[in-house]
Amino acid sequence: MLPEEDLKIIKEKLGREPNLVEQGCFLNMWSEHCSYRSSAPLLKTFTTTGENVLIGPGDDAAILKFEDGYVLAFAMESHNHPSYVDPYNGAATGVGGIVRDIISMGARPIALMDPLYFGTLDTPKNLFLFEQIIKGIAGYGNCIGVPVLRGETFFDRRYSGNPLVNVVCVGLCKEDEVVISNAQTPGNRLVLAGSSTGKDGLGGASFASRDLSESAEAEDRPSVQVGDPYTEKLTIEMTLEAIRKGYVKACRDLGAAGLGGASSEMAFKGGLGAHIIADNVPQREPNMNAYEILLAESQERMLFEVAPEDVDAVLALVEKYDLNGADIGYLTEEKTYVVEFRGEIVAELPIDFLTAGVPIFERPSKAPGSGEEGDKPEKSEKPEIPADLKQAVLNVLSSHNLASKEWIYRQYDHEVQLRTVVKPGEDAGVLKITDSHGLALSCGCQPRATLLDPYEGAKATVYENAMNLAVKGAEPLALVNCLNFGNPERPEIYWQIKQAVLGLGDGARELSIPVVGGNVSLYNESDEHKTAIPPTPSIGVIGKVELNIPIPSSSFTRPGESIILVGETKPEMGGSEYYTILGKTEAGAAPKVPENAQKIIKAIRDAVKSGKVSSAHDLSLGGLAAGLAGMCGTVGAEIDLGEISAGQQPDEVLFAESPARALLSTPEPEAVLALLGDLSCAIIGKTGGNGLRVKGESFEIALSPEELSEASGSLTRFMMK
Amino acid sequence: MKIAIIQFGGTNCDLDVLHVLKEVMGLDAETVWYKQEDLSGFDGVVVPGGFSYGDYLRAGAIAARTPIMDSVKKLAAEGKPVMGICNGFQVLTEAGMLKGALTTNAYPKFRCHWASLRVETTDTPFTSKFGKREVIRLPIAHMEGNFYAEEETLAELDENERVVFRYVDENGKVTDDANPNGSIENIAGIVNEGRNVLGLMPHPERASETILGSDTGRKMFESMADYITENF
Numbered sequence: 001m002l003p004e005e006d007l008k009i010i011k012e013k014l015g016r017e018p019n020l021v022e023q024g025c026f027l028n029m030w031s032e033h034c035s036y037r038s039s040a041p042l043l044k045t046f047t048t049t050g051e052n053v054l055i056g057p058g059d060d061a062a063i064l065k066f067e068d069g070y071v072l073a074f075a076m077e078s079h080n081h082p083s084y085v086d087p088y089n090g091a092a093t094g095v096g097g098i099v100r101d102i103i104s105m106g107a108r109p110i111a112l113m114d115p116l117y118f119g120t121l122d123t124p125k126n127l128f129l130f131e132q133i134i135k136g137i138a139g140y141g142n143c144i145g146v147p148v149l150r151g152e153t154f155f156d157r158r159y160s161g162n163p164l165v166n167v168v169c170v171g172l173c174k175e176d177e178v179v180i181s182n183a184q185t186p187g188n189r190l191v192l193a194g195s196s197t198g199k200d201g202l203g204g205a206s207f208a209s210r211d212l213s214e215s216a217e218a219e220d221r222p223s224v225q226v227g228d229p230y231t232e233k234l235t236i237e238m239t240l241e242a243i244r245k246g247y248v249k250a251c252r253d254l255g256a257a258g259l260g261g262a263s264s265e266m267a268f269k270g271g272l273g274a275h276i277i278a279d280n281v282p283q284r285e286p287n288m289n290a291y292e293i294l295l296a297e298s299q300e301r302m303l304f305e306v307a308p309e310d311v312d313a314v315l316a317l318v319e320k321y322d323l324n325g326a327d328i329g330y331l332t333e334e335k336t337y338v339v340e341f342r343g344e345i346v347a348e349l350p351i352d353f354l355t356a357g358v359p360i361f362e363r364p365s366k367a368p369g370s371g372e373e374g375d376k377p378e379k380s381e382k383p384e385i386p387a388d389l390k391q392a393v394l395n396v397l398s399s400h401n402l403a404s405k406e407w408i409y410r411q412y413d414h415e416v417q418l419r420t421v422v423k424p425g426e427d428a429g430v431l432k433i434t435d436s437h438g439l440a441l442s443c444g445c446q447p448r449a450t451l452l453d454p455y456e457g458a459k460a461t462v463y464e465n466a467m468n469l470a471v472k473g474a475e476p477l478a479l480v481n482c483l484n485f486g487n488p489e490r491p492e493i494y495w496q497i498k499q500a501v502l503g504l505g506d507g508a509r510e511l512s513i514p515v516v517g518g519n520v521s522l523y524n525e526s527d528e529h530k531t532a533i534p535p536t537p538s539i540g541v542i543g544k545v546e547l548n549i550p551i552p553s554s555s556f557t558r559p560g561e562s563i564i565l566v567g568e569t570k571p572e573m574g575g576s577e578y579y580t581i582l583g584k585t586e587a588g589a590a591p592k593v594p595e596n597a598q599k600i601i602k603a604i605r606d607a608v609k610s611g612k613v614s615s616a617h618d619l620s621l622g623g624l625a626a627g628l629a630g631m632c633g634t635v636g637a638e639i640d641l642g643e644i645s646a647g648q649q650p651d652e653v654l655f656a657e658s659p660a661r662a663l664l665s666t667p668e669p670e671a672v673l674a675l676l677g678d679l680s681c682a683i684i685g686k687t688g689g690n691g692l693r694v695k696g697e698s699f700e701i702a703l704s705p706e707e708l709s710e711a712s713g714s715l716t717r718f719m720m721k
Numbered sequence: 722m723k724i725a726i727i728q729f730g731g732t733n734c735d736l737d738v739l740h741v742l743k744e745v746m747g748l749d750a751e752t753v754w755y756k757q758e759d760l761s762g763f764d765g766v767v768v769p770g771g772f773s774y775g776d777y778l779r780a781g782a783i784a785a786r787t788p789i790m791d792s793v794k795k796l797a798a799e800g801k802p803v804m805g806i807c808n809g810f811q812v813l814t815e816a817g818m819l820k821g822a823l824t825t826n827a828y829p830k831f832r833c834h835w836a837s838l839r840v841e842t843t844d845t846p847f848t849s850k851f852g853k854r855e856v857i858r859l860p861i862a863h864m865e866g867n868f869y870a871e872e873e874t875l876a877e878l879d880e881n882e883r884v885v886f887r888y889v890d891e892n893g894k895v896t897d898d899a900n901p902n903g904s905i906e907n908i909a910g911i912v913n914e915g916r917n918v919l920g921l922m923p924h925p926e927r928a929s930e931t932i933l934g935s936d937t938g939r940k941m942f943e944s945m946a947d948y949i950t951e952n953f
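Chains as they are written, first to last, in my numbering: chain A, 1 to 721; chain B, 722 to 953.
Only chain B is shown next, with the shape it has when bound in the complex (with noise of 0.2 Å):
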């Protein structure tokens, strides 16, 4: 088992997650530079956070239309786990493989700290080892995480339990003052409709080791080599 770490010009928590899959978990895994297009002999990708080509544009924007993009889908169409951490979510929402945008902070600035997070899901390949509706600390690092998507959308992310995460208090609830950015329903993390594609702005990779508050994000990573063990 091979996992990917997709670095575009501008990706910065690459290496981050590298040291997280191999360091600390002790996983296969390896930075693709994203001018290597061919994504062969790999069972899953991370697409890791940062400001890929420098936020131009729109966040995101100008990596989803890079040809490594088009490797990443094949792998998804093979139903082999993708993963997106914040600038990664805003990557798959522009390349659409996930549904809805994310924007501007409702406070218009950067934001870096701890949020409350509710597993909305335990039916995922990244959340199997959570329990559901457990109430987890994740950091969040992002300018552009106000998730966004037309009402038609949001149902359909509902009907199918394909919202992953979501924004709550201490207590697991759903409130406007938890919500760090202005995502709509609290939204933080989806799955596209094969469930293999996981869209989040919490970064887990930042919460793998007690030393730095918490080892909990270490879960998903956890969960997503153990599909790939199960299925490829």
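With the rest of the complex left out, here is chain A (with noise of 0.2 Å):
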């Protein structure tokens, strides 16, 4: 249904009722979901350009330069709801609606990201939902051949019921192989290409612009797309070699709002109208109205405008992939939308007014507590120290979010396509694009820090991100955010989108990263769990490597070297691991992002790039012991932190998760140390022997090779029991 203040600007414009596909029309077009409709002045904030940008936001995907000719195609999306409601299929979905966000700019998909949050493990339910959900982007994903080369899985009880499923996807072309979504020329045809249409996804995106209600399950269901990879994948290759013969002058895949979204936005952008033909349409099932045509988001669709004397070569295209195409419309000089149906106008709208028209707004927002917009007073006590440090140690290096997620992505094929320079489970993936230069890849978010304070732990996930490409050597290029917030009416969570909104803006700006894209996803809250999502600006960084100069491995690769911290740890335990194993969720200052954060990553990756470093890992999550611990493998390490430890508390010194900073290991500490100047680091031990072995000011913890590995085997283990 319409909003009542909706249908009223709507009928003073078209001065007559809308009928019942052009109210469709308008309740997709004009959900959050489409349009942005509450978040759109905060967005405008964002700096979105920068050298290497050739377009920013507003296509189906952003478009980068690289080297050599070669360009990048960056989105990022979210399939929430739909994950909830059907996670295999939700999942799978989500995947293919990126991966046709890049194919329709031109660009081949080779790379694609996934951070994902899920409700804590121990009900059948948020078990089940784990489960399908990553067997739905493994199963979407490796049928289709585009590696997934990185993710973040993260566990927290605030997700029960409202499941985050994120998704990235990267794209490689050469410049001029790249198409736009804005309409061309007027008379020239639209070709609808890909899957048939059927009855899946009606509404989908006013679905998405709601909570989750309990009976959600059973009456959302028919919202929810049904996946097929494998006309995916003949959708890829009809498609890019449509765009690669010519023949395509525009392309839009079919996303949120079917046909009817991408053939009026499509239309809009060129400053043209469209003329559609529903009858056209090839469909999945017999008696289909013009309605359901229209809105339904049936996958596997791309929508290509075509001069007249190609549609015949396109529709061979089509027919030698064993797709369903079909020349359903054309383009118009005057800017109405106007869809035929049975020898019927159905619909007859101002295209500006159905694509553009919808009123945009700030709504009103309030800090939490006080309501003033300052430090929060902590709710409860700090916890003791703990008696027995290692076991402490432990129940951090063992918990979900900690372990390793080899159970994960070992499901995940993520070396097709042989580019495969870093593989998951280090801070960032490389991928080889061109002999000299590689793509380095990371994703995530800190939702725990961003709940205690959204500005800095927006901005926190901002350094993170960039920390986990320094530790790589690599430059960034761009980054894409997903804002994955509760339900924006209420003031409290419209303040959390807009301090995240802004200290995302201010990290990518201190860092000059340009925010390329990204999409909206509100209303996650769930009505079984009476629980809003933390608040969760989750984001995509890629950035660039030179292949030439040896990338650092997240473990220690040989005995005998320096190790040496780098940033300064100060006993922010607010949101960290630690306290929330301890259930002290509320307690502890929240951190901050240091003053010289940038300075930080500059250097990292200056010293990464001198080749004098031989491993590097970034700080975050788990603080420094789960950095320790996580760089030991076949070599271990012994650490003395007596200097740093003096007069701290020892498990804030080993769990604090105090943002930008990093350990790295080198056979030439002198160089590296000069290298990083006068910023906060110390040498704190060596690499080798078994394991690893902590000293501290009070206290002293050894883990054998045997511990550390059953701590973090912990999820694997779990998952195949």
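Treat the hints loosely; a few may be bogus.
[Unchecked claim] Below, computed lysine-lysine pairings styled on DSS-like, alpha-carbon distance capped at 25 Å:
| id | chain 1 | residue 1 | chain 2 | residue 2 |
| --- | --- | --- | --- | --- |
| 1 | A | Lys135 | B | Lys830 |
| 2 | B | Lys743 | A | Lys245 |
| 3 | A | Lys423 | B | Lys940 |
| 4 | A | Lys599 | A | Lys135 |
| 5 | B | Lys940 | A | Lys432 |
[Said to hold, decoys possible] Calculated from the model, a selection of chain A residues having no Cβ within reach of chain B, i.e. all distances over 12 Å:
| id | residue |
| --- | --- |
| 6 | Arg37 |
| 7 | Asp176 |
| 8 | Asn287 |
| 9 | Glu309 |
| 10 | Leu315 |
| 11 | Leu389 |
| 12 | Asp506 |
| 13 | Glu710 |
In case anyone wonders, no lab produced these hints; they're calculated from the structure.
As the structure is a prediction and not an experimental result, all values here were calculated from the model.
In this text, a Cβ means the ideal position worked out from N, Cα and C, and glycines have one as well.
Quick one: dock chain against chain with the hints and give me the complex.
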């Protein structure tokens, strides 16, 4: 149902009552999901330009300049609501949708990343969602032959009843192969190609823009699309061949709001109108009406603008790849969106009004607590220093958030396409693009820090991902985001969005990373659990690596090297994994990004690029303890935190998640320290030996290789039980 | 000498194999869409990995029944080498060109990681450049790689040294832990009676450039190219 106020605006503009088909168009096109109606004013604050940005936000994907005439397509999406209702298909079609955003720019998809957020695995329902969502991503991504190279999997009970499935895709093509979505010439035909149109996914855009009700699983099932990766693979090849042969003048994939959305937006962006003949659309089932044909979100479909003389050639390609396709209308000079069905005009709307007439507004916002935007009072006491510090370390290392995600990524084909230089399980993945240059990829978010302080948490998220690239020696190119929040009609939630957008934007500006795209997923609240998700502005960042410089591993590789800790460890325990395990979710100060963070990132990148660093690892979740343990594999380490831990609580030194820190190991400590200059850094030990030994001012812990591997294998063991 | 790389709908390692044969090794190779049914002019075939026809019905079952497979059989009957990788192995068993069947992994999930293999015979057009019982590492990536054959067939394969690769541990021992998918007798690859048709689950094309971890896999394509040059 259209909101009352929208209907009023529409009636006034049209001077008549919109019919049911037209109402359906508005309902979907004016949804938050399609129109960003209440988030657009905030998104405007992002810096979206940069020397490598050829196309920024607004098209299906951004286009970035790379090397040797190559460009990258880059986009991010969420598929949260569908993945709760039907986890396998919801997650699978999330992959399918973002991949089509990439091919509609003319680029071949070369990498996927999946930041995922789940409720804790102690309930059968959460376990089911987790297993099925991973299966959906693997099933779809593996079949279409696009490697899932990196991801994040984060568990917190507040995602029960509303898991988040975000997906990033990167594509590659030559600059002159890029196609945009702006319609070019009146009289050109519109060809719909790929799968046929069924009744699935009806009203998906509007469904994605409300809370999940308790009965969502049953009631909203028809709103969930069903994926067919085999057809998607054929659609990729058909689309790229049609584009390479020069037949496609403009291209848009069919996603939210189906054919109605794609065709009206394509025409509008080219300053044109469109005439759609709904009867011509290849249909999967008999007796579909115009409303269903226009708004169904059936997957694996593309819309091409084609010159009349090329239509037959495009349809021949459709035939070659065993797909469906048809000439379903044409572009018009007059800026009207017309739909014809069974000889009658069933919709006739001013196209500017339909696609861009939605009222954009900011909602009221209010900081939680006292109403003042400032420090929140600590609601609970600090925990006691644990008597058994070793056990505390093992508890953190074996928590599902810290444990190895091997059970997940070994289900993803991460090596297809022969580009994978750095495989999953490291800070960033690296793909070979040309003989001299690679692409580094990282993604993720810090939801708990963001909940405590949305501005600092979002900013820390940018810095963490930038550090993940820096430890591989990569220069950042661009960032995309997925802004997952609760119901924006609540002022506290809108305040979170506002603060997080500012923090994300400031962090990106400080690091000169343009924000080139993303999406907004609001209303992530669960009726069943009476919870809103923690604010989760997740991001994907890509960067450029020189392949002739050795890329440091995330694990120690050689004994006898010096280990350097870079960055300052502060007692910022709020939202830490350690406090969460102890149930102290409200206690402690939120981590703050230090003022010199940008310098730290640059210095680490420079150190890595000097070729003198053999292993490097970002410090974040689980703090120094988790960072050190994560680097110990075949080679162990002996650590002395004497100076650093002087006068500090051992648990705070070991588990604080202060941003902008990293560990490096090097055979040439003097040279590396010189490169780090006056930044806070210290040699804290040597690689070698069995397992990990850490000595502090008042403590000493020794972890054997077996204890380390048992802790890190906790998720895999749990799932294979 | 020219090698055909067969593309079915859903094949997704076609361009990878083409890259290795052409760009990395400088061989003459071409992709052939399944609707082109004529393979005359080709001296060898690679049926690459992927998800032909979405693995619908059974992995490889639909591809095995396309007319182009008649041409592949004809070419094999002339003694020319045919290599089926991963889904290609599944296609060759479904087409009856190789014995046995590939069923769902013992732990029924997709598995992508590197595995150690032992080269059981160098007397094939694909393994002449290896040492006998040499232990190599190649990546695997599949959900239906659990090789099964009846006792009679296994005896036949063993007797004629037609098992080409087995999953082993780092020391070359056949162990249960080294078996990633439950394959009977840890079998990872076999040849036909004429020894010129090979099916294997691991991906040699993914181990053909050192920057990606190893170039061991290249030896298989080199062996195949040498065999063609010597015999055709």
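Hints versus structure:
1. A:Lys135 / B:Lys830: holds, 8 Å
2. B:Lys743 / A:Lys245: holds, 23 Å
3. A:Lys423 / B:Lys940: holds, 23 Å
4. A:Lys599 / A:Lys135: Judged against 25 Å, a Cα distance of about 41 Å means the pair is violated.
5. B:Lys940 / A:Lys432: holds, 22 Å
6. Arg37: holds, 38 Å
7. Asp176: holds, 20 Å
8. Asn287: holds, 27 Å
9. Glu309: The claim holds: glutamate 309 of chain A sits with its nearest Cβ about 25 Å from chain B, beyond 12 Å.
10. Leu315: holds, 16 Å
11. Leu389: Since the minimum Cβ distance to chain B is about 34 Å, leucine 389 of chain A lies beyond 12 Å and the statement holds.
12. Asp506: Aspartate 506 of chain A is indeed farther than 12 Å from all Cβ atoms of chain B, at 37 Å.
13. Glu710: holds, 16 Å
The structure fails to meet hint 4 from the earlier list, while all remaining hints are met.
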